[in-house]
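J.: From first to last, the protein sequence lines stand for chains D and R. Numbering-wise (numbering that gives the first Met the number 0), the first sequence opens with residue 0 and increments by one. Numbering-wise (numbering that gives the first Met the number 0), the second sequence opens with residue 0 and increments by one.
These aren't lab readings, by the way, just hints derived from the structure by calculation. Be aware that one or more of the hints could be misleading.
Heads up, simulated SDA-like pairs for lysine to any residue below, C-alpha to C-alpha not over 20 Å straight-line [as the list claims (entries may be wrong)]:
hint: 1; chain 1: R; residue 1: K55; chain 2: D; residue 2: L200
hint: 2; chain 1: R; residue 1: K55; chain 2: D; residue 2: L126
hint: 3; chain 1: R; residue 1: K22; chain 2: D; residue 2: L200
hint: 4; chain 1: R; residue 1: K55; chain 2: D; residue 2: P238
hint: 5; chain 1: R; residue 1: K22; chain 2: R; residue 2: P42
hint: 6; chain 1: R; residue 1: K79; chain 2: R; residue 2: P42
Note that this is a predicted model, so its numbers are computed, not measured.
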Amino acid sequence: MATDVTIEDYLDALRRRWHRRGDCAELLDEMEDHLRSRVEDAVARGADPTAAEVETVLRFGDADAIAEAVADANGGPAVPTPFTRSAGAASLLASAAWLAVPALWRWSDVLDDSRPWDGLPQVIWMLGASCLTLAVTLGMVLILGLIERHGGLGVTGKLVLGPAVLAIPAALVVGWFMPLWATLISISWIGLCGVLLRQRLAPSVATALLTGAWPIGLLTFAVLRASEFGTVDEWGDYPAASFTATLVGAALMAGGSGLMGWWLFREEVPVLITDDHVPA
Amino acid sequence: MKGQALKGHLDLLVLAVLDDGAKHGYAVIDALRTRSEDSFDLPEGTVYPVLHRLEKAGLLASDWSVVQGRRRRTYELTKKGRGALADQTRSWDEFTAAVGRVLGNGAGGSASWQPT
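So that you can see chain D by itself, here it is in the shape it has in the complex (with noise of 0.2 Å):
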């Protein structure tokens, strides 16, 4: 802080921290009147003009400590942007389409079961899986919008990008594989739920959701699977086991992408205050 002698100099401290900031140059304009303002009086009686700045900037404090008690009375170290929005409506889609997947791939095995000549279960099947990519790819968006909600979560921001972003082909390539694409998204949503709960930054229920969703998916799976739930197919696999884990999972991630879409959504992006509107 001692080298943050000038107004500018301080300024610019705090533009680094809050340059993620939807309302950076707002809160900017409200400190730079402060010390300004301050400079002019103490000129007034007699200072001297650089000294009062010197002792200006001192007396208004650390750079960082403000800069980080402001953000933490504003909503954390970001603000809600034009595109946390859309992340919000994007999980909200990706929550119906969670919803889609065990309902399609259910109607194409009934399907199956009637009518297999035709191909019709195929296509279904086919849809679903196309929804469950569609899921997957709207639950990144929704993690990057978490991760510009907040600032860029550090380390851990960049870290749970790679699994979320892997699972996304996984989905498409080999959807029928629940194991694989449920495990890539578990350990996205495992990294950011740390950050997230610890830092109250997102409403704790549906982080919960989001996070157990696929683990529990998993753990069924596991479970029905040894107890050779159903019958075996001509793979000799588990239908059934998969079928019921696929929906315990997906609910699950329907409820979270739900309720943490909803959140995002309707939180309301800052008016900036710009050089075309001050407002009266």
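Starting from the structure of chain D, add chain R where the hints point.
T.: Quick look at chain R alone, frame taken from chain D:
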């Protein structure tokens, strides 16, 4: 008095200095210093988290204007803020009265503390 000692009381103090009219952040901290006769010596920037938090709680409302070519944000008490100020002032009075009685300078005047 340093900021740490004021922690927990800043909300009440900020509400109190805004009770006599709208002020911007610098005027709030200046009023705190003047009315405390320079007793409250805290980093001036610490007033902003308090102002912003009180505004989000609906106790303050802010407005922007342009003064000397700069944008200025001015805060004033809302109706809810006036109610909160009255409640917190009453609580503070009860607290200080109780502390005064414990220390012995209530109705019976001062009594010195005797170690046992």
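J.: Evaluate each hint against the coordinates.
T.: Structure-based check of each hint:
{"no.": "1", "hint": "K55(R) <-> L200(D)", "result": "holds, 17 Å"}
{"no.": "2", "hint": "K55(R) <-> L126(D)", "result": "violated, 46 Å"}
{"no.": "3", "hint": "K22(R) <-> L200(D)", "result": "violated, 32 Å"}
{"no.": "4", "hint": "K55(R) <-> P238(D)", "result": "violated, 52 Å"}
{"no.": "5", "hint": "K22(R) <-> P42(R)", "result": "holds, 18 Å"}
{"no.": "6", "hint": "K79(R) <-> P42(R)", "result": "violated, 28 Å"}
In terms of the numbered hints stated before, the structure departs from hints 2, 3, 4 and 6, listed from lowest to highest.
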